[in-house]
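In order, the protein sequence lines correspond to chains A and B.
Counted from 1, the first sequence has number 91 at position 91 by the numbering used here; the numbering is strictly sequential.
Counted from 1, the second sequence has number 76 at position 76 by the numbering used here; the numbering is strictly sequential.
Don't read these hints as lab results, they were simulated from the structure.
Any given hint might turn out to be false.
[Said to hold, decoys possible] If you want the footprint, here are the derived chain A segments under chain B, 3+ residues with CB under 8 Å: (1) 3-16; (2) 51-62; (3) 80-89.
Note that the Cβ used here is the ideal one computed from N, Cα and C, for glycine as well.
One letter stands for each residue in the lines below.
Number of protein chains: 2
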Amino acid sequence: MALEHALLVALREQPASGLELSRRFSRSIGYFWSATHQQIYRVLGRMESDGWVGATTVEQAGRPAKKVYEVTPVGAEVLASWLAEPTGAEPLRSELAVKMRGASFGERAAVLDVVRAELVEHVARLARYEQLTARDYPDPTTLTGLALDQYLVLRGGVLTEQTWVTWLTEYLEAHA
Amino acid sequence: MALEHALLVALREQPASGLELSRRFSRSIGYFWSATHQQIYRVLGRMESDGWVGATTVEQAGRPAKKVYEVTPVGAEVLASWLAEPTGAEPLRSELAVKMRGASFGERAAVLDVVRAELVEHVARLARYEQLTARDYPDPTTLTGLALDQYLVLRGGVLTEQTWVTWLTEYLEAHA
DNA sequence: CACGGCATGTAACAAGTTACATGATTGG
DNA sequence: CCAATCATGTAACTTGTTACATGCCGTG
């Protein structure tokens with residue numbers, strides 16, 4: 001389980017309300033960890049009762065009040081010790097790969113369509129990530145600390161999407 | 001949900017018992033879908049009661065009998081129609097990326113060790129996949145049908161592991 | 001007859017998904 | 001006052017993980 005820890009990282013970068021977190025999880029954090037708002041609220045609640053985060057209600061002009069969470073010293077320690085734990089092997093899990101491998105047992109043309117559709121999505125994501133890189137990190141060699149880490153994780157997103165594009169393109173060409 | 005479908009693909013390739021399936025899931029099928037034997041048994045049970053697979057008890061010389069499952073016509077239809085369904089976006093999910101991004105909030109040296117350890121694992125996996133490729137698919141251009149699909153999915157495993165190695169190496173170099 | 005490998009499972013728990021519920025506030 | 005957006009949540013369900021339980025069989 002690691003949504004807790006992803007939330008701790010996000011909140012250490014910048015305290016936020018549940019909705020703000022869920023927006024960040026569909027943007028920058030989303031390219032390496034996904035979560036819906038329901039899950040975020042539930043886990044935030046648990047983290048609050050465990051004393052990992054504290055909440056402050058913040059009034060807003062012309063909008064409902066929000067509960068802004070920030071990491072407590074206890075939460076900071078939990079995060080630091082989790083960061084030092086060895087991470088397991090990260091097994092793969094690709095539904096598309098199952099379909100690719102099973103194509104002989106259905107209509108191959110339909111599977112090729114599914115692959116083509118997913119290729120389009122990955123091309124779009126790659127373009128977005130490359131654009132973000134150009135906009136936010138024009139000169140990566142000068143970065144340090146948090147900014148460097150953020151860049152390097154985005155870099156992983158770019159590499160991952162490039163791999164998808166390469167792979168699916170090869171698959172389609174081999175079946176052309 | 002797709003373990004059902006991964007099992008259908010595996011059983012269409014070759015009928016098998018629960019334990020045999022779980023061995024295949026830690027080998028060839030494991031490079032794109034993972035599952036433990038407990039989960040496999042549970043899902044097989046449900047698939048049997050839904051009529052997607054049928055079981056035959058097979059006696060073995062010098063070993064306990066095993067229950068060999070094979071896909072029924074109903075199961076084959078379920079699989080074929082699932083294969084034609086569009087697959088969703090496949091969100092990323094990498095615990096290591098969370099640690100990489102959060103390194104500023106703990107001991108950076110510890111995170112670098114975690115990354116190094118995982119790099120070693122990915123290097124080993126890559127070597128294994130490349131060896132499998134050389135052994136089983138010495139001449140990929142001649143393949144067709146199921147063998148071609150199996151090759152192409154293994155190819156995805158190779159590309160993925162190469163990406164991991166590239167990424168983690170870049171990360172370590174940037175923090176050297 | 002103890003041990004290790006084969007073979008199948010149960011139970012309890014943790015995590016993630018889907019669908020729905022509630023209420024505040026602004027703009028048209 | 002109605003629709004859209006902001007904001008926070010509940011409930012029910014599905015999936016996946018971890019730890020344990022049971023029994024067969026051959027080898028030493």
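Three residues minimum, CB to CB under 8 Å: does the region 80-89 of chain A make the cut for coverage by chain B? Let me know.
With 10 residues close enough to chain B, the hint holds.
The region 3-16 of chain A covered by chain B? Criterion: 3 or more residues, Cβ-Cβ distance below 8 Å.
holds (count 5)
With a Cβ-Cβ cutoff of 8 Å, does the region 51-62 of chain A contain at least three residues near chain B?
Three-residue rule not met by the region 51-62 of chain A, so violated; n is 0.
When held up to the earlier numbered hints, the structure conflicts with hint 2 and nothing else.
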